[in-house]
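> Whenever a hint applies, use it, and build me the whole structure from the sequences.
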Amino acid sequence: MPNKTFFWFFLPTGLAMILFIGLPIISTGIQSFYAQHDQVVKEVKKCDPFGCTVSIVVDQEATSILRDEKPLGKFNGFGTYIDRNHLAIEQISDFWKETDSFGEFINQVTNLPFYKALLFTLTYCLFVTPNVLLLGFIIALSLNAISRKIRGPLIFGTILPMIVTPLVGSLVLFWMIDAEGIIGANLQLMMEDPYLSLKSSRTLTWITIIIYGIWHHSPFAFVVFYAALQTVPQEPVEAAIIDGASRYQRIRHIVLPHIYPVVTFVALISLMDNFRVFEPIIGFSAEGSAQSLSWLIYDNLVNEEVILFGSAAATSMMTIIGIAILLAPVLIRTWKEFRTAR
Amino acid sequence: MRKILLTLLFVLFGTTAYADGHCSKPSGSINILANDFPALRTFVETAKGCKGSADFKVTHSSEHNKIAVPALTANPSEFSARIAANSSIVPLMNQDLIRPMDDLVKKYGKGIQDSQLITIDGKVMAVAFMANTQHLYYREDVLKELGIPVPKTYEEVVAASEKIRASGKMQHPYAAAYKAGWNLAEEFVNMFIGHGGEFFKTGTAEPNINNAKGVATLNMLKKLASLSNPDYLTHDSEAIKVEWESGKVALMTLWASRSGTLLDDEGDAKITAATKLTGPATVGGGNIPAATLWWDGFTLAKNRSDSDAEATFIALAHAASNKKMVADAADQAVWLVEGFVPGPKSIGVIEAVKMGAKPYPMLPQMGLMHGALGSEIVEFLQGKESAEQALKDVEAAYISKAKEQGFL
Numbered sequence: 001m002p003n004k005t006f007f008w009f010f011l012p013t014g015l016a017m018i019l020f021i022g023l024p025i026i027s028t029g030i031q032s033f034y035a036q037h038d039q040v041v042k043e044v045k046k047c048d049p050f051g052c053t054v055s056i057v058v059d060q061e062a063t064s065i066l067r068d069e070k071p072l073g074k075f076n077g078f079g080t081y082i083d084r085n086h087l088a089i090e091q092i093s094d095f096w097k098e099t100d101s102f103g104e105f106i107n108q109v110t111n112l113p114f115y116k117a118l119l120f121t122l123t124y125c126l127f128v129t130p131n132v133l134l135l136g137f138i139i140a141l142s143l144n145a146i147s148r149k150i151r152g153p154l155i156f157g158t159i160l161p162m163i164v165t166p167l168v169g170s171l172v173l174f175w176m177i178d179a180e181g182i183i184g185a186n187l188q189l190m191m192e193d194p195y196l197s198l199k200s201s202r203t204l205t206w207i208t209i210i211i212y213g214i215w216h217h218s219p220f221a222f223v224v225f226y227a228a229l230q231t232v233p234q235e236p237v238e239a240a241i242i243d244g245a246s247r248y249q250r251i252r253h254i255v256l257p258h259i260y261p262v263v264t265f266v267a268l269i270s271l272m273d274n275f276r277v278f279e280p281i282i283g284f285s286a287e288g289s290a291q292s293l294s295w296l297i298y299d300n301l302v303n304e305e306v307i308l309f310g311s312a313a314a315t316s317m318m319t320i321i322g323i324a325i326l327l328a329p330v331l332i333r334t335w336k337e338f339r340t341a342r
Numbered sequence: 343m344r345k346i347l348l349t350l351l352f353v354l355f356g357t358t359a360y361a362d363g364h365c366s367k368p369s370g371s372i373n374i375l376a377n378d379f380p381a382l383r384t385f386v387e388t389a390k391g392c393k394g395s396a397d398f399k400v401t402h403s404s405e406h407n408k409i410a411v412p413a414l415t416a417n418p419s420e421f422s423a424r425i426a427a428n429s430s431i432v433p434l435m436n437q438d439l440i441r442p443m444d445d446l447v448k449k450y451g452k453g454i455q456d457s458q459l460i461t462i463d464g465k466v467m468a469v470a471f472m473a474n475t476q477h478l479y480y481r482e483d484v485l486k487e488l489g490i491p492v493p494k495t496y497e498e499v500v501a502a503s504e505k506i507r508a509s510g511k512m513q514h515p516y517a518a519a520y521k522a523g524w525n526l527a528e529e530f531v532n533m534f535i536g537h538g539g540e541f542f543k544t545g546t547a548e549p550n551i552n553n554a555k556g557v558a559t560l561n562m563l564k565k566l567a568s569l570s571n572p573d574y575l576t577h578d579s580e581a582i583k584v585e586w587e588s589g590k591v592a593l594m595t596l597w598a599s600r601s602g603t604l605l606d607d608e609g610d611a612k613i614t615a616a617t618k619l620t621g622p623a624t625v626g627g628g629n630i631p632a633a634t635l636w637w638d639g640f641t642l643a644k645n646r647s648d649s650d651a652e653a654t655f656i657a658l659a660h661a662a663s664n665k666k667m668v669a670d671a672a673d674q675a676v677w678l679v680e681g682f683v684p685g686p687k688s689i690g691v692i693e694a695v696k697m698g699a700k701p702y703p704m705l706p707q708m709g710l711m712h713g714a715l716g717s718e719i720v721e722f723l724q725g726k727e728s729a730e731q732a733l734k735d736v737e738a739a740y741i742s743k744a745k746e747q748g749f750l
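Chains as they are written, first to last, in our numbering: chain A, 1 to 342; chain B, 343 to 750.
Just so you know, not all the hints are guaranteed correct.
[Stated by the list, open to error] On the chain A side, residues computed to face chain B include the following (Cβ under 10 angstroms):
1. L23
2. I56
3. S285
4. E287
5. Q291
6. V302
7. F309
8. K336
[Stated by the list, open to error] In silico DMTMM-like pairs for lysine to aspartate or glutamate, Cα to Cα no more than 20 angstroms straight-line:
9. A:K42 <-> B:D438
10. B:K448 <-> B:D648
11. B:K745 <-> A:E90
[To be verified] One side only, chain A facing chain B, incomplete, derived with CB under 10 angstroms:
12. P49
13. K74
14. H86
15. Q91
16. N111
17. L112
18. I177
19. D178
20. L196
21. K199
22. S200
23. S201
24. F284
25. N300
26. E305
Hints are computed from structural coordinates only; laboratory data are not their basis. Just so you know, even glycine gets a beta-carbon here, dropped at the ideal spot from N, CA and C.
Here is the structure:
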């Protein structure tokens with residue numbers, strides 16, 4: 001496509017992206033550098049059906065003057081980024097000085113909310129992404145090998161986890177693994193431990209969410225791989241068969257190199273999706289044991305009666321940076337290949 | 343506190359001839375945001391009966407806290423009124439989103455009692471119509487069979503639960519809403535107040551929970567948790583209600599406003615018949631209950647025209663002074679409205695008031711403390727860190743948030 005045609009073709013999408021993605025990100029970035037004005041409080045008498053007390057309220061007149069002067073709030077620079085609920089620079093350097101062993105230091109650091117969330121998010125990415133690729137590929141290969149007659153219904157069944165709304169899918173599983181649910185109760189019987197609970201143990205909760213993640217994302221990898229498999233040319237495969245190549249050798253040396261760009265694409269998309277893991281935490285009510293970066297943002301925005309815009313904005317920016325870092329190796333590789341191909 | 347007792351006593355001997363609430367047919371536009379439970383639905387329905395020619399809309403949502411501030415910040419505001427409680431009025435006050443209604447009370451609030459008015463700095467900011475608290479529920483049959491007296495303190499609750507467990511009747515005899523987040527933090531607040539704790543150093547926004555009272559609070563929560571269903575960190579009020587109705591629990595701490603659905607005709611009749619209510623328990627030898635008192639009341643949005651505010655007030659005041667409503671729906675709530683005759687389902691709240699329970703702290707920075715508690719004490723309950731460490735974490739998390747919000 002000539003560059004000019006491409007430009008006009010891309011313009012509407014580009015404008016929409018700037019308007020709905022670019023500008024909000026810039027606005028979020030700006031907000032992350034501001035904190036609320038110092039609250040001016042005053043003592044007043046408060047009366048309710050249970051009696052009167054002297055207590056404090058925010059002085060609205062004084063506050064509105066401050067707000068009118070600087071509507072964005074108090075400039076805080078990277079203050080929010082480095083406070084205890086985010087990067088916690090100060091706390092980490094204290095831990096480093098105070099702790100005796102490296103293990104203890106790591107323990108202290110992962111007890112901080114941001115690092116706790118980061119640890120879960122990365123663990124989730126590292127376990128889910130490769131397994132999704134592998135499982136998706138195996139399913140695609142197997143379905144590609146069976147008779148066309150039953151392939152249709154099987155494909156439908158395979159992509160069902162993707163059709164089911166994530167929240168509904170996780171809720172169904174959530175009820176099944178409850179201590180009174182079918183899986184939870186049977187596990188207790190099998191292990192002969194009435195206190196066993198998949199939801200109260202952190203490790204078990206993580207495993208549950210990761211398995212759910214693999215179950216939910218595999219169909220996507222499968223669909224893409226299955227489509228790619230249809231484009232594998234038959235001649236080299238037949239030639240390999242004549243040469244006596246085993247099934248494994250054919251897949252390793254012919255199929256995989258052919259669909260390699262698609263594998264990169266699926267890996268990219270999965271990594272991005274998995275880094276933003278959110279729904280299963282809500283669906284499984286797993287806030288206690290597993291928190292992700294996206295969940296932290298949600299928590300700052302809705303779980304508090306006071307909305308913490310600065311905190312949420314800072315975490316958002318760091319999530320974007322996190323995704324960029326995670327994708328960098330894959331992107332660099334693709335870019336290099338693109339250069340050599342030219 | 344004395345006011346509510348007087349009110350209740352007064353209504354006990356009060357008139358039985360129910361006059362319909364006063365209604366002077368408003369016009370304009372009324373849009374109400376409210377939580378979703380039966381008593382509030384009744385209240386809003388009653389208000390609708392006095393909508394006159396006004397356009398009447400209502401949003402009942404259990405996610406009301408999440409939409410309230412953004413919706414009322416808009417100008418004109420999406421809602422003309424918000425049904426709030428002690429805790430949820432605070433963000434509205436902090437952001438200056440609700441209007442004083444002294445003149446409206448004077449003009450249209452004929453049937454509203456003085457005790458219903460929430461005044462802050464001498465201005466009426468809300469009109470309360472019902473009271474709520476968390477208190478004990480127990481299974482009479484189970485306790486009787488094992489010869490256990492009705493517990494009055496949390497220490498007795500623990501002893502009773504251990505006895506029930508030892509008898510083999512129930513594996514997890516105690517239940518409370520310990521879901522990580524708001525619910526768990528609320529249990530901490532109750533227990534901490536029961537121990538006589540103060541959340542902040544007097545006159546400041548500095549946290550004050552990392553002390554012996556905080557440790558005692560956490561230890562009691564952990565003891566109770568060990569007697570609950572192992573999934574307690576995922577159980578909210580609705581979940582423990584279901585547990586109760588399936589007969590697997592004999593002692594429970596739950597909201598008074600949920601007693602209606604617990605004691606209705608649905609479910610196992612045997613369990614319903616044996617379900618009894620009593621006041622909240624005390625803890626650690628304290629004499630005030632480990633519970634907080636709550637009111638629900640209506641507030642008027644500031645960013646809305648005066649005529650809409652007037653129309654909304656007329657309709658809601660009609661409900662907040664409606665003797666017929668409180669007589670018909672006496673089972674649904676402990677109404678603060680004149681004419682309410684407390685029934686057996688109101689025992690919890692009335693006992694709590696008699697015992698001198700404290701209201702939930704209506705402080706501008708309390709929401710931040712509540713949020714920090716909800717996520718930072720989980721690891722202590724899971725046995726991953728010490729009580730001191732958990733409390734230190736809560737204070738640190740709170741301080742960061744309070745700094746960002748300008749309270750420190």
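> State for each hint whether it applies.
Consistency of the hints with the structure:
| no. | hint | result |
| --- | --- | --- |
| 1 | L23 | violated (19 angstroms) |
| 2 | I56 | holds (6 angstroms) |
| 3 | S285 | holds (4 angstroms) |
| 4 | E287 | holds (5 angstroms) |
| 5 | Q291 | holds (8 angstroms) |
| 6 | V302 | holds (4 angstroms) |
| 7 | F309 | holds (9 angstroms) |
| 8 | K336 | violated (42 angstroms) |
| 9 | A:K42 <-> B:D438 | holds (14 angstroms) |
| 10 | B:K448 <-> B:D648 | holds (15 angstroms) |
| 11 | B:K745 <-> A:E90 | holds (15 angstroms) |
| 12 | P49 | holds (5 angstroms) |
| 13 | K74 | holds (7 angstroms) |
| 14 | H86 | holds (8 angstroms) |
| 15 | Q91 | holds (8 angstroms) |
| 16 | N111 | holds (7 angstroms) |
| 17 | L112 | holds (9 angstroms) |
| 18 | I177 | holds (9 angstroms) |
| 19 | D178 | holds (6 angstroms) |
| 20 | L196 | holds (7 angstroms) |
| 21 | K199 | holds (5 angstroms) |
| 22 | S200 | holds (5 angstroms) |
| 23 | S201 | holds (8 angstroms) |
| 24 | F284 | holds (8 angstroms) |
| 25 | N300 | holds (9 angstroms) |
| 26 | E305 | holds (3 angstroms) |
Consistency note: the structure conflicts with the earlier hints numbered 1 and 8.
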